[in-house]
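There are 4 protein chains.
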Amino acid sequence: MLTQSSYGKERIRLVQVLRRPDRDDVRDLTVAVRFDGDYDASYTDGDNTDVLPTDTMRNTVYALAAQEAVRDIESFGLRLARHFLERNRCLTRVTIDLAEHHWDRIAHGGREHGHAFLRHGAETRTAAVSADRDASTVSAGAADLMILKAAESAFAGFRRDEYTTLAETRDRLLVTSLTATWQYRDHAIAFDPTWHHVRQTMLDAFAGHRSESVQHPLHAMGQAVLDAVDGVASISLVMPNRHHLPFDLSRFGLENRNEIFVATEEPHGLIAATLTR
Amino acid sequence: MLTQSSYGKERIRLVQVLRRPDRDDVRDLTVAVRFDGDYDASYTDGDNTDVLPTDTMRNTVYALAAQEAVRDIESFGLRLARHFLERNRCLTRVTIDLAEHHWDRIAHGGREHGHAFLRHGAETRTAAVSADRDASTVSAGAADLMILKAAESAFAGFRRDEYTTLAETRDRLLVTSLTATWQYRDHAIAFDPTWHHVRQTMLDAFAGHRSESVQHPLHAMGQAVLDAVDGVASISLVMPNRHHLPFDLSRFGLENRNEIFVATEEPHGLIAATLTR
Amino acid sequence: MLTQSSYGKERIRLVQVLRRPDRDDVRDLTVAVRFDGDYDASYTDGDNTDVLPTDTMRNTVYALAAQEAVRDIESFGLRLARHFLERNRCLTRVTIDLAEHHWDRIAHGGREHGHAFLRHGAETRTAAVSADRDASTVSAGAADLMILKAAESAFAGFRRDEYTTLAETRDRLLVTSLTATWQYRDHAIAFDPTWHHVRQTMLDAFAGHRSESVQHPLHAMGQAVLDAVDGVASISLVMPNRHHLPFDLSRFGLENRNEIFVATEEPHGLIAATLTR
Amino acid sequence: MLTQSSYGKERIRLVQVLRRPDRDDVRDLTVAVRFDGDYDASYTDGDNTDVLPTDTMRNTVYALAAQEAVRDIESFGLRLARHFLERNRCLTRVTIDLAEHHWDRIAHGGREHGHAFLRHGAETRTAAVSADRDASTVSAGAADLMILKAAESAFAGFRRDEYTTLAETRDRLLVTSLTATWQYRDHAIAFDPTWHHVRQTMLDAFAGHRSESVQHPLHAMGQAVLDAVDGVASISLVMPNRHHLPFDLSRFGLENRNEIFVATEEPHGLIAATLTR
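Chains as they are written, first to last, in our numbering: chain A, 18 to 294; chain B, 18 to 294; chain C, 18 to 294; chain D, 18 to 294.
Isolated chain A (complex conformation) (with noise of 0.2 Å):
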């Protein structure tokens, strides 16, 4: 009758300064728990035996990064998955979900400061790692990177019914708050320099598309990530279509030379899609 169940923590906030003599790296981390496994007595019986709490999970993530640096989030992950599973019997699958927020030095006398750091934006990297006993998987993202194309970007040919009045165009403005998850083939793979090749190929692909719709780009753009990187066997995509109205000047006598823009948050389109190679 209990057919699913998991149990976990979530956003665990850590900080870890890596300090060397004259610089240091700031690594900065919110970080997720979740167990799944045979915790079903609890449930029904309210019997705790085997329930590792959360609060130990949130301790584990401070405690393992105090005794070993975090290098990337993908590594930090899988450490983080292998310490539950040898600790816990009851315990079938972990997942280990990780977002990194980066930080930039701040420049201070014609050089980078060692010391002192600037929050870098919005967008975020993130990893996920979901382990059983006998096997592990590892994916990595970016969240939440805004892009915006002014030109060679269009909507037209699509199909009308009684309620469409949507106008055709051949030169949109194209906002959207791109957020992508990759799978990796294997673990043997440079963490660090991968994501940011794929991070770069997306805006790369991104940039130089001529785009027909957000699905047109969005798919560019992931085949891209497959062509260019080796180690990714999939990849997916999520593109909401922020949408950027043309004002209508036209009541004052004014024309709109496709410049002057309403943005708006609500409603907005959402386009996903996976590649598999």
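Where hints are given, some of them may not hold.
[Stated by the list, open to error] Okay, the calculated beta carbon distance ranges per label pair:
| hint | chain 1 | residue 1 | chain 2 | residue 2 | range |
| --- | --- | --- | --- | --- | --- |
| 1 | C | D209 | D | T186 | 38 to 44 Å |
| 2 | B | A173 | C | R99 | 37 to 43 Å |
| 3 | B | A139 | D | A139 | 23 to 29 Å |
| 4 | C | D209 | A | D209 | 54 to 60 Å |
| 5 | C | A184 | B | P38 | 22 to 28 Å |
| 6 | D | T20 | B | R28 | 38 to 44 Å |
| 7 | B | G270 | D | R227 | 35 to 41 Å |
| 8 | A | R88 | D | R227 | 57 to 63 Å |
| 9 | A | R104 | B | A139 | 34 to 40 Å |
| 10 | B | Q217 | D | A139 | 39 to 45 Å |
| 11 | A | A124 | D | D39 | 28 to 34 Å |
| 12 | C | R104 | A | R106 | 51 to 57 Å |
[To be verified] Incomplete in silico selection of chain B near chain C, CB under 8 Å:
| hint | residue |
| --- | --- |
| 13 | F134 |
| 14 | L162 |
| 15 | M163 |
| 16 | L165 |
| 17 | A168 |
| 18 | S228 |
| 19 | N273 |
| 20 | F278 |
These are calculated hints, taken from the structure and not from any lab test.
Every residue gets a Cβ at the ideal spot worked out from N, C-alpha and C, and that includes glycine.
Following the hints, position chains B, C and D against chain A.
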């Protein structure tokens, strides 16, 4: 290579006033529409021939509400699903997500006013309809019910390892923001009274339960719904543990008689389960 | 050169359970403390000699609640203000901002449960105490009451210029999120019943008013409070106009009988005024 | 009895694309307009004769941008203020608040792309123009710069009372979200380069400072701006102390060499000051 895709519209905000001589009713909805189907050409070739614009999805929500007033969100979702399937041959599965924000009447001169309303809190009523050409499923839900137990809530007897520091307690403050979703067996159900029955059953079970954890009342609440409401085939509950920590007053020579708590936002536990008949 | 300065603590989250044999009460508060005074040396020289840590401000909120239970937020604010003024000779003015989040009892077996609660919506009750060594002022308020009028709301006869496109209407949907703050003449007032009296008077005036704009009911609501509640010296109301726009159904050959609206978030109007006795 | 009133429009979202043959520029603004003046009759009598609709304020923002491209937000604010004062005889003071969200060019094939952009973080550039028929003031600002010092930040030697438990430290992690606003002496200023000069001066002072508190670098940053930038008459800085607390590893027999921190959201300190020439 394109192994999954979908597109649609999110956050369509519809308010419908049902006008009667002396009393209006207000329906305040947020609707999302998602299409899954044979739309690969739009991704791979920028061919939009079969792509119904998401702007049309939005228009359709308003147009269908105008032609027949929204009674309950479940029926409205079914109507929208049917409409889209009939008109779009490439569409294989349509999903309609709906949330309703309730408005109470303002008391005025000793009775409820006919035209003036006060929004009823953060809690929302939800529904989801998923349909293909053969069948459709309807689920309903309640989101963001903040509930609290000031007594009869414990957490003890749990597993300890080297990173466990949590103290056992027979008497803690339990605060959660319940989100529940349940599947109906069929559509021949009185959606409105059933929704209220499920919601009250969950609250009742929560209030009357002696809880050994978060898992324990979660299961009791799901069990109570399956016992009491025949039309429900299965129910999923998600209960984040919004930790309220006793404030350490001993440092000031004061005693905390389980009365003074620090409410925290993060990190939080997250407990989830599905019960099926 | 340092012409103004202040420091303090924001978002101190205190939950107090008032325990009685068969019925608990819950006080759920967010408190902020601000110090203005002779703290220039901490800014200019890094001299912290007279700086009470903001961490101590936080501790004090919990410690004072522990020593005497919070009854109403106005009295608790006065108590905190007095405490800080007595102990900090550099402090010239202290400001305490308080917000209370109300919890309703859950109905259980035909009556209200003694220990189980359901959070009452997004609306909060607020208070602000500002005190120096000679005097203190107390204000109270209600924040984020979402209210709606489905009839008896117009906007017509307004000024037009070359950029005015808005149509006149005798019958529009008026939706606002009321935030009101009122000053009390003195502290010899029953804070709890007075707060409920002011809130109900505003809702009553809103419901019963024939509105020509947002300004118009705002004034009527303020006027009603000054007329009905003797202890109030002045009242400020802020009413954003959360525009609900009629959806244009004529494009589909349908009529909008003032029933189908698009709820929007931005842009929004913002109307504010203060009425003084 | 109506002792203060204002009305206006908030969150007007304007995106302007400045098109050139091979490189577009993007201006992404959020604008608010507020009118103070002789509008009492609209409040007391529902007489809208002199009330310019807030919808017209919104239209005007788009129309004026269309007639002369937005260069910097300060000039655009001045232009809007002048426009409204000229056309509205009841208007005594108009306030224009502007926020700009910056977009960076996407790197493509080794150089910056002409039409594709990536949103630059959460930081915004702000401006405020306040004008009556005799004079106008212009202020500029930077909001939500998250900055961090990993070294050279202390908090010690502070006042203690019976509720003080905070430990002294010579070496803590200092994290704040800086919001600064500065007044210009006059309008004959190069707004763009001055804004960048002020921002860089603040970051530079923050990075190079040995901090004894949050107050201490705040003052140093304001002082540095007044010293370096002649056109600034005064500057206000607000710096919340986003506490990053050392995690207690000693419970696991581990040492925290000032490397492992818990990032917290609430409660937080709030430090503010204004420096005037």
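- Message: Of all the hints numbered above, which does this structure not satisfy? Sort the numbers upward.
- Response: 8 and 18
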